[in-house]
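K.L.:
These protein sequence lines are chains A and B, in that order. 7 is the number of the first residue of the first sequence in our numbering; add one for each residue after it. 7 is the number of the first residue of the second sequence in our numbering; add one for each residue after it.
It is worth saying that the hints were derived from the structure and are not from the lab. In this text, all values refer to a predicted model and were calculated from it rather than measured experimentally. Heads up, a few of these hints could be off.
[To be verified] Sample of chain A residues facing chain B (criterion: CB under 10 Å; computed from the structure):
#1 K54
#2 D83
#3 G89
#4 M95
#5 S96
#6 I130
#7 R291
#8 T329
#9 N338
#10 V339
#11 L345
#12 R346
#13 Y350
Idealized CB from N, CA, C, for every residue including glycine.
There are 2 protein chains.
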Amino acid sequence: MLPQESTHMFSLLKTDPHTRARRGVVHTSHGDIQSPFFMPVGTKATVKTLSQEDLRVIGSEVELSNTYHLFLRPGCDIISRAGGLHKFMSWERPILTDSGGYQVFSLTDWRKLTDQGVEFQSHIDGARHMLSPESVMDIQQCLGSDMVMPLDECSPYPCEYAPAQDAVRRTSLWMRRTREHFDKLGMRERGQRLFCIVQGSVYQDLRERSARELLAFDPDGCAIGGVSVGEPVKEMFEVLDWTIGLLPQNKPRYFMGIGLPDQIVRAVGMGVDMFDTVVPTRYGRYGTCFTDRGQVVIRNGQYKEDFGPLDPECDCPTCRNYTRAYIRHLFNVGEVLGLRLAAYHNVYYYVNLLRRIRAAIEAGEYRQFSQDYLGRYAAGSNKH
Amino acid sequence: MLPQESTHMFSLLKTDPHTRARRGVVHTSHGDIQSPFFMPVGTKATVKTLSQEDLRVIGSEVELSNTYHLFLRPGCDIISRAGGLHKFMSWERPILTDSGGYQVFSLTDWRKLTDQGVEFQSHIDGARHMLSPESVMDIQQCLGSDMVMPLDECSPYPCEYAPAQDAVRRTSLWMRRTREHFDKLGMRERGQRLFCIVQGSVYQDLRERSARELLAFDPDGCAIGGVSVGEPVKEMFEVLDWTIGLLPQNKPRYFMGIGLPDQIVRAVGMGVDMFDTVVPTRYGRYGTCFTDRGQVVIRNGQYKEDFGPLDPECDCPTCRNYTRAYIRHLFNVGEVLGLRLAAYHNVYYYVNLLRRIRAAIEAGEYRQFSQDYLGRYAAGSNKH
Numbered sequence: 007m008l009p010q011e012s013t014h015m016f017s018l019l020k021t022d023p024h025t026r027a028r029r030g031v032v033h034t035s036h037g038d039i040q041s042p043f044f045m046p047v048g049t050k051a052t053v054k055t056l057s058q059e060d061l062r063v064i065g066s067e068v069e070l071s072n073t074y075h076l077f078l079r080p081g082c083d084i085i086s087r088a089g090g091l092h093k094f095m096s097w098e099r100p101i102l103t104d105s106g107g108y109q110v111f112s113l114t115d116w117r118k119l120t121d122q123g124v125e126f127q128s129h130i131d132g133a134r135h136m137l138s139p140e141s142v143m144d145i146q147q148c149l150g151s152d153m154v155m156p157l158d159e160c161s162p163y164p165c166e167y168a169p170a171q172d173a174v175r176r177t178s179l180w181m182r183r184t185r186e187h188f189d190k191l192g193m194r195e196r197g198q199r200l201f202c203i204v205q206g207s208v209y210q211d212l213r214e215r216s217a218r219e220l221l222a223f224d225p226d227g228c229a230i231g232g233v234s235v236g237e238p239v240k241e242m243f244e245v246l247d248w249t250i251g252l253l254p255q256n257k258p259r260y261f262m263g264i265g266l267p268d269q270i271v272r273a274v275g276m277g278v279d280m281f282d283t284v285v286p287t288r289y290g291r292y293g294t295c296f297t298d299r300g301q302v303v304i305r306n307g308q309y310k311e312d313f314g315p316l317d318p319e320c321d322c323p324t325c326r327n328y329t330r331a332y333i334r335h336l337f338n339v340g341e342v343l344g345l346r347l348a349a350y351h352n353v354y355y356y357v358n359l360l361r362r363i364r365a366a367i368e369a370g371e372y373r374q375f376s377q378d379y380l381g382r383y384a385a386g387s388n389k390h
Numbered sequence: 007m008l009p010q011e012s013t014h015m016f017s018l019l020k021t022d023p024h025t026r027a028r029r030g031v032v033h034t035s036h037g038d039i040q041s042p043f044f045m046p047v048g049t050k051a052t053v054k055t056l057s058q059e060d061l062r063v064i065g066s067e068v069e070l071s072n073t074y075h076l077f078l079r080p081g082c083d084i085i086s087r088a089g090g091l092h093k094f095m096s097w098e099r100p101i102l103t104d105s106g107g108y109q110v111f112s113l114t115d116w117r118k119l120t121d122q123g124v125e126f127q128s129h130i131d132g133a134r135h136m137l138s139p140e141s142v143m144d145i146q147q148c149l150g151s152d153m154v155m156p157l158d159e160c161s162p163y164p165c166e167y168a169p170a171q172d173a174v175r176r177t178s179l180w181m182r183r184t185r186e187h188f189d190k191l192g193m194r195e196r197g198q199r200l201f202c203i204v205q206g207s208v209y210q211d212l213r214e215r216s217a218r219e220l221l222a223f224d225p226d227g228c229a230i231g232g233v234s235v236g237e238p239v240k241e242m243f244e245v246l247d248w249t250i251g252l253l254p255q256n257k258p259r260y261f262m263g264i265g266l267p268d269q270i271v272r273a274v275g276m277g278v279d280m281f282d283t284v285v286p287t288r289y290g291r292y293g294t295c296f297t298d299r300g301q302v303v304i305r306n307g308q309y310k311e312d313f314g315p316l317d318p319e320c321d322c323p324t325c326r327n328y329t330r331a332y333i334r335h336l337f338n339v340g341e342v343l344g345l346r347l348a349a350y351h352n353v354y355y356y357v358n359l360l361r362r363i364r365a366a367i368e369a370g371e372y373r374q375f376s377q378d379y380l381g382r383y384a385a386g387s388n389k390h
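Chain A extracted, bound-state conformation (with noise of 0.2 Å):
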């Protein structure tokens, strides 16, 4: 546990001379988390197709689950009667685990948005559901989780001024409703720490307002939502630029849902401390994985007899003992070992990225190592 007069859940060890990225460490009850670190994504508790081992292993130190399948199934009693979440999937590290309010604007067909909060019905059985600010607070507590997300509503792209700014109020108001409850459950003193997340659409002075609305209740962290919903990545970035600004250097800061592996070097060099997203699972799933020199599609014809390793530099697993060949006829016949062997390397490509990007900020070279990994990375996306 950590002691309950920890004010700060971030510690920053060093900002890079040439850019916005910053060195640190997160501070949870269930250890530290060297940052800037990337977290694989375990919606149902687990990370498709990997085992809680092969996450260490990995040397994840962090693992994201999804508030809004976990309550659904297996709910929160049989949670809660296995000791929390982290015993339940045997998992001893920090978790974080998201509000469900995007899950419930992006997977059910029927929903009904009230200041109280949201119900919706549930896309598994079509059962009718209640999330509230204080219900998400009441089910992450039952998880366990490390770092806690507030229910917010996340503008869907594109979107009208009005109605952006109308979920800015809102998240704002549901925010002070989560922090009275999160206090009064007392899930701080039981090591939990609570972010905020700031929305706003793509309009600058919606953004602003959502952070310094959130920013008066003190959250721990600081979430920047409503990205990465459809829009031009151009626009994400600018988006991202606008916000960074206007977050205090002593709360680590959570770009939610981002990116593709170019996209995660650029935004650290913004200042970005935490990332998650399901692309390295899913794109492993589909048998597209990532390297330095852009991504290898396993499918293609072009790999039938390669008998090289999926990526050269890559010292995985997957890496050290299959073949391009072999991970190709895997993903032909329909076995899952295919499945699990590309979403392998890719996730161990994810957390040794951000292993390299803490190096180069250790090193002071992040602006040189940015430049040099795009550059690469651009250059083999259009061999591909």
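Please arrange chain B on chain A, whose structure you already have, making use of the hints.
P.N.:
Just chain B, lined up with the frame of chain A:
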């Protein structure tokens, strides 16, 4: 490589004083295998959901692959250019490959059987192919398997006497051509070893004739085929009882496609050395797990809040790290990790059961072991 002059692939170390159980070693050019042993089935050059590292950690000394499937995909050319099946799939330990005959009979809609061989339509794309005793040797030479099976005609169940007799005749005819082609290709000199497959359905005189005719071709090992094709278990063990007495002591005996754990324990007591079955992986994928106290059907509601291990007596990673409630959740939400954890446990259970069997034979206590095991297993099976 084995010395070319090596005449026997089998060393008999010990015979149990009270049963017909044998403790031995099967020698191959990719290493020795302690017998009796179980061969995990990697139909398409992968044991479903497991990696080759998993198999090594589990302690499997051998793996089985299917000629029919590999012939169709990825095809001999690719495996040959990879340097053989061991290199293609990154498995440096012994491999047994079947002949494809059984798959032609069980998987294809259309086939034409003559003394020449069997013409069939691929179950994948309907393309016509031909397997002959000679082509099956050509394919297995290309695969480079350590233990090679000849093309045989496997009688279905039930089967009239006349067609069963004709299958015995044809299997012997094919064995002659197999032997000639195996020798002509110099497969023995390359370290490959040839088995025969005794047929004869449920007819004792046909089994005797088949064994006599096939042994005349001096195979390195003897398989009992045409079992586990739908006949009652009692009848299967009668066939085993007749047939095993016809086989020489100095060659390994392989009971093809058998079986459930209690069947393996019984068959070892009758003198069987080698087993293969898809049971552990197939049952695992459907959530049925093996223990000494019978099967655990992990989807059952009774395990919803069961936070104990899958098998309290097992020390595999699944049982050391995860609970029944968690594995049940993974099956309920359709996550691949569930299949993998269950299959891992089951393959471990089989490999470890054979390890215990070998220890019991070494101690001269196989009769007691067998009685205890069968008693507990039956009691547990009745309970579930």
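K.L.:
Against each hint, give a clear statement of whether it holds in the structure.
P.N.:
Results of checking the hints against the structure:
| no. | hint | result |
| --- | --- | --- |
| 1 | K54 | holds (6 Å) |
| 2 | D83 | holds (8 Å) |
| 3 | G89 | holds (8 Å) |
| 4 | M95 | holds (6 Å) |
| 5 | S96 | holds (5 Å) |
| 6 | I130 | holds (9 Å) |
| 7 | R291 | holds (9 Å) |
| 8 | T329 | holds (7 Å) |
| 9 | N338 | holds (6 Å) |
| 10 | V339 | holds (5 Å) |
| 11 | L345 | holds (7 Å) |
| 12 | R346 | holds (7 Å) |
| 13 | Y350 | holds (9 Å) |
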